[in-house]
Amino acid sequence: LAKTTQPISMDSYEGQEVNITCSHNNIATNDYITWYQQFPSQGPRFIIQGYKTKVTNEVASLFIPADRKSSTLSLPRVSLSDTAVYYCLALGGGGNKLTFGTGTQLKVEL
Amino acid sequence: NAGVTQTPKFQVLKTGQSMTLQCAQDMNHNSMYWYRQDPGMGLRLIYYSASEGTTDKGEVPNGYNVSRLNKREFSLRLESAAPSQTSVYFCASRGNTIYFGEGSWLTVV
Chain A
1 LAKTTQPISM DSYEGQEVNI TCSHNNIATN DYITWYQQFP SQGPRFIIQG YKTKVTNEVA
61 SLFIPADRKS STLSLPRVSL SDTAVYYCLA LGGGGNKLTF GTGTQLKVEL
Chain B
1001 NAGVTQTPKF QVLKTGQSMT LQCAQDMNHN SMYWYRQDPG MGLRLIYYSA SEGTTDKGEV
1061 PNGYNVSRLN KREFSLRLES AAPSQTSVYF CASRGNTIYF GEGSWLTVV
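Residue numbers (this note's numbering), protein chains in the order written: chain A, 1 to 110; chain B, 1001 to 1109.
Since the hints were derived computationally from the structure, they do not count as laboratory data. Among the hints, a few may not be true.
[Said to hold, decoys possible] Capping the alpha-carbon separation at 25 Å, the derived lysine to aspartate or glutamate pairs in DMTMM-like fashion look like this: (1) A:K97 - A:E17; (2) A:K107 - B:D1038; (3) A:K97 - B:D1026; (4) A:K3 - B:D1056; (5) A:K54 - B:D1056; (6) A:K52 - A:E14.
[Unchecked claim] FRET-style restraints, in silico, Cβ to Cβ: (7) B:T1054 - A:V59: 33 to 39 Å; (8) B:M1019 - A:P7: 45 to 51 Å; (9) A:G15 - B:Q1017: 49 to 55 Å; (10) B:L1069 - A:Q16: 45 to 51 Å; (11) A:L110 - B:S1051: 46 to 52 Å; (12) B:P1083 - A:L110: 37 to 43 Å; (13) B:G1095 - A:V59: 40 to 46 Å; (14) A:T53 - B:D1038: 36 to 42 Å; (15) A:P76 - B:G1063: 39 to 45 Å; (16) B:T1007 - A:T29: 36 to 42 Å; (17) A:T56 - B:Q1017: 26 to 32 Å; (18) B:R1044 - A:A28: 20 to 26 Å; (19) A:M10 - B:G1063: 30 to 36 Å.
Computed from a prediction, not measured in an experiment: that's the story for all the values here. Beta carbons: idealized from backbone N, C-alpha and C, even for Gly.
Whole structure, please, built from the sequences with the hints as guidance.
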């Protein structure tokens, strides 16, 4: 599993767009970049996954440059309910020992 | 459409007592995991099972044992609970992505 590096925390205000960048320099060819969201007292839940370029769903967008050494999770117009920890993983066929980094604590204020 | 189910949700143990956390998934996944999460901290991998009949140590296996009873079930056992094992425990299974249970809150007094 490729090591990932994210900012420890970010602050934002309601209505703003938030971009969280994850670095994964040693990503393997078969790895997908996957993002999870965790609210207090809950297990992480899947947000979005991509291999390259751009992926968008009803919750977020994921931007992955051609070299795939980093990715950016974009949350449009955040609200208070988006306050959570966000984890980035490079998930693929390279092994089953799944370890999570510290994640990014996003705090959204009024 | 249960996904990953963990029991119990809450448990209080006395130091030295033993208990087993149960986990079951209904998605026919091969890989299953146990994590612990202490307050304000990230997820730490305790043990994992890549397939039925196999288990491997994660980052923090000391004080725990696991059993992959069948493809559906993966249990975590604390043989002699210690206060340092007070934590929230999450079970997960892996398909195209990872699915987590709702967590088991364990307090050791």
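Okay, the hints, checked on the actual structure:
Among the hinted pairs, A:K97 with A:E17 is inconsistent with the structure: their alpha-carbon atoms are about 33 Å apart, more than 25 Å. A hinted pair counts as satisfied when its Cα atoms are at most 25 Å apart, and A:K107 with B:D1038 qualifies at roughly 20 Å. At roughly 21 Å between alpha-carbon atoms, A:K97 and B:D1026 fall within 25 Å of each other, so this suggested pair holds. As the CA atoms of A:K3 and B:D1056 are separated by approximately 20 Å, the hinted pair is consistent with the 25 Å bound.
For the hint pairing A:K54 with B:D1056, the CA-to-CA distance comes to about 35 Å; that exceeds 25 Å, so the pair is violated. Simply put, A:K52 and A:E14 have alpha-carbon atoms about 29 Å apart, too far for the 25 Å limit, and the pair is violated. At roughly 35 Å, the beta carbons of B:T1054 and A:V59 sit within the given window of 33 to 39 Å. Roughly 37 Å separates the CB atoms of B:M1019 and A:P7, a value that falls outside the hinted 45 to 51 Å.
Range check, A:G15 to B:Q1017: Cβ separation about 50 Å, and the 49 to 55 Å hint holds. For B:L1069 paired with A:Q16, a C-beta distance near 48 Å keeps the hint of 45 to 51 Å intact. For A:L110 paired with B:S1051, a C-beta distance near 48 Å keeps the hint of 46 to 52 Å intact. Hint check: B:P1083 to A:L110, Cβ distance near 39 Å, so the stated range 37 to 43 Å holds.
Checked against the hint of 40 to 46 Å, the pair B:G1095 and A:V59 fails, with Cβ atoms roughly 19 Å apart. Remark: the range hint 36 to 42 Å for A:T53 to B:D1038 is upheld by a beta-carbon distance near 37 Å. Distance hint check: the CB atoms of A:P76 and B:G1063 are about 44 Å apart, consistent with the given range 39 to 45 Å. For B:T1007 and A:T29, the Cβ-Cβ distance of about 39 Å falls inside the hinted range of 36 to 42 Å, so the restraint holds.
Between A:T56 and B:Q1017 the beta carbons are some 50 Å apart, a value that contradicts the proposed interval 26 to 32 Å. Against the hinted window of 20 to 26 Å, the Cβ-Cβ separation of B:R1044 and A:A28 comes to about 23 Å, which satisfies the hint. For A:M10 paired with B:G1063, a C-beta distance near 35 Å keeps the hint of 30 to 36 Å intact.
In the structure shown, a violation is registered for the earlier hints numbered 1, 5, 6, 8, 13, 17, in ascending order.
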